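2 protein chains.
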Amino acid sequence: VPPIIVAVDALGGDQAPRAIVSGAIQAVRREDIGVTLVGPADEVRAELDRHGSVRQLPITIADASDVVGMDEPPLAALRRKPRASVKIAAELVSRHEAHAVFSAGHTGATFMAAHAAFGVLAGVERPGLAVTIPTRTGTAVLIDAGANLECRAEHLVQFGIMGAAYARVALRRASPNVGLLSIGEEAGKGNDLIREAHAGLVRAPVTFVGNLEARDLFSGRADVVVCDGFTGNVALKVGEGLAETIEQLLREELSASAVARLGALLARQAFQRLRRRVDDAEYGGAPLLGVGAVTIVAHGRSSARAVENGIVMAARLVRERVVERLGAALMAR
Amino acid sequence: VPPIIVAVDALGGDQAPRAIVSGAIQAVRREDIGVTLVGPADEVRAELDRHGSVRQLPITIADASDVVGMDEPPLAALRRKPRASVKIAAELVSRHEAHAVFSAGHTGATFMAAHAAFGVLAGVERPGLAVTIPTRTGTAVLIDAGANLECRAEHLVQFGIMGAAYARVALRRASPNVGLLSIGEEAGKGNDLIREAHAGLVRAPVTFVGNLEARDLFSGRADVVVCDGFTGNVALKVGEGLAETIEQLLREELSASAVARLGALLARQAFQRLRRRVDDAEYGGAPLLGVGAVTIVAHGRSSARAVENGIVMAARLVRERVVERLGAALMAR
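Quick note, the sequences are listed as chains A and B, same order.
Residues 1 to 333 in this note's numbering are what the first sequence spells out, letter by letter.
Residues 1 to 333 in this note's numbering are what the second sequence spells out, letter by letter.
Worth flagging that the hints you see were computed from the coordinates, not collected in a lab.
Every value quoted in this text rests on a predicted model; they were computed, and no experiment measured them.
Among the hints, erroneous ones may be present.
[Claimed, not checked] Here are the in silico distance ranges between beta carbons for each label pair: (1) Asp71(A) - Met331(B): 36 to 42 Å; (2) Gly300(A) - Glu150(B): 31 to 37 Å; (3) Glu97(B) - Gly300(A): 57 to 63 Å; (4) Arg251(A) - Met70(B): 34 to 40 Å; (5) Gly220(B) - Gly138(A): 29 to 35 Å; (6) Thr137(B) - Ala41(A): 37 to 43 Å; (7) Glu320(A) - Gly220(B): 55 to 61 Å.
[To be verified] A few chain B residues facing chain A, derived, Cβ under 10 Å: (8) Gly52; (9) Ile61; (10) Pro134; (11) Arg168; (12) Ser182; (13) Val238.
Positions of the beta carbon are idealized from the N, C-alpha and C atoms, including for glycine.
Using the sequences plus the hints, can you model the full thing?
As structure tokens, this is what we get:
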């Protein structure tokens, strides 16, 4: 069988193209996959050459001269820039020259480029961004992490079905528990959107465990946490911000007391290990579920190692036929 | 001057009436205030008598035989139970027999009882729950913490004005910075509600610093964080849940490594101190801003010490004329 090829947006992200090219090289050295780097051919070639003898590696270049900036309105930018790297990358997939897209660039632009190039699965109105989060007992999937800021109840139900199908592959749970993020566990708790989505999820072909309070987000009670993109983004970023604040306050506390200082070094090492454990779960990127091909959105500040992991993740999701599984799950309604 | 009298719902909360009565005794011993305990007279009297010679303290009892359960729909429950403790407590204020209400019972019921008894200030469509949260640099006020699950932009603007007036008293900031919780700092980021509220806050008589990302919630960039009650509740509970999870994971990390174990005891002591620093900010309860009299809503699991702090807080807000200040701030639009 020919290897899986991932189309990689070489211009997306704060450290592009350097971190992207390095990550791509590491990915093809690590696994039997191919990468097409999409960006200005000369610039990408020069980056590749910095790494020495990489001409034998399964890496090709697709020329793309433009990029969607992080502060541009994505729809207008994509219309104005037909040679934008993320657009060319998505079109490689629609022309069957690649199997998946990876981008650490503008999330909205990736979303729109993917949508335009290979559409959405039958039964999907809104693709959702699925982020893996750490829990006390392992990991869980939160969907939507910010792709859709205005949602109707039907969208949340579709997120639940897609999230469960994805969790079977990504978390290897045979029958993942699906929870609906709300302000209380009782079915009646929440706003109109939540009450209507609750009723829809009860009838959906998933293992629905009901409403989930935000304090249970990290408890492991649900394998799939369903929410609208605004709430999901706030929840994830509160988590990030608090982890940083606790780390800093803990550092201050540890240096404040002469007695505690004795344990400071060891405790900080422990906290660093903990941070890595938490960060590892997010590593690589988040799949956009519901579009017609595997599409991985990565953090703008992705390092070469994060890019490597994201590309490997994209190939794995192609190999495990996650798009076909999502399609089947949606048909089962 | 006669002392300020706080009407205390003796039946509200997981540990009622015991923790409520103990907290009230501690409060009147600590400050020159009076308390009216609202609950079944016999039961409250028996609790008071457990504490020995308290007959000289400025504590009276107002008989109320019923309570709104935590899982009851509050509007229906208040209609069915004219002798509900929180209702009687609010009515003491409207009859000028008390200056403020404190309840650790059903938040929605307290909200509705207060609204029915003494209404809302001119210019207020929705009262908002203001919670004090810890930040890197001190504390901030988040409004609304969960009283209004469906909000329009105008409600968020009113929360900003009330939150700023409250922060001047509670945080002692002359010109508090007001931020709008969203998914990005740029004015255009967010959903329709946020964009419209942003425009309204720009025109409002507050020091508006623009949108605030959720990761900046604890950074101290804003003294007043404005959001709808659904988002506010999720943000606060994600914070609580993550703090608990980090504490537990840290404990596991510290006991996992033989080397780290050496510092475990000291580090845990530091973390406990940190937790107290974080918890202290929330201690006592949250004022419901926009109703016609000081109304403090406390956590259902409030201890006697939390009740004591909440009652003292209620008296302080009466003394500092916070309701009048809110009214003036709303008139200044």
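Hints versus structure:
| no. | hint | verdict |
| --- | --- | --- |
| 1 | Asp71(A) - Met331(B): 36 to 42 Å | holds (39 Å) |
| 2 | Gly300(A) - Glu150(B): 31 to 37 Å | holds (33 Å) |
| 3 | Glu97(B) - Gly300(A): 57 to 63 Å | holds (60 Å) |
| 4 | Arg251(A) - Met70(B): 34 to 40 Å | holds (39 Å) |
| 5 | Gly220(B) - Gly138(A): 29 to 35 Å | holds (34 Å) |
| 6 | Thr137(B) - Ala41(A): 37 to 43 Å | violated (49 Å) |
| 7 | Glu320(A) - Gly220(B): 55 to 61 Å | violated (44 Å) |
| 8 | Gly52 | violated (39 Å) |
| 9 | Ile61 | violated (32 Å) |
| 10 | Pro134 | holds (8 Å) |
| 11 | Arg168 | violated (25 Å) |
| 12 | Ser182 | holds (8 Å) |
| 13 | Val238 | holds (5 Å) |
Hints 6, 7, 8, 9, 11, counting from the list given before, are not met by this structure.
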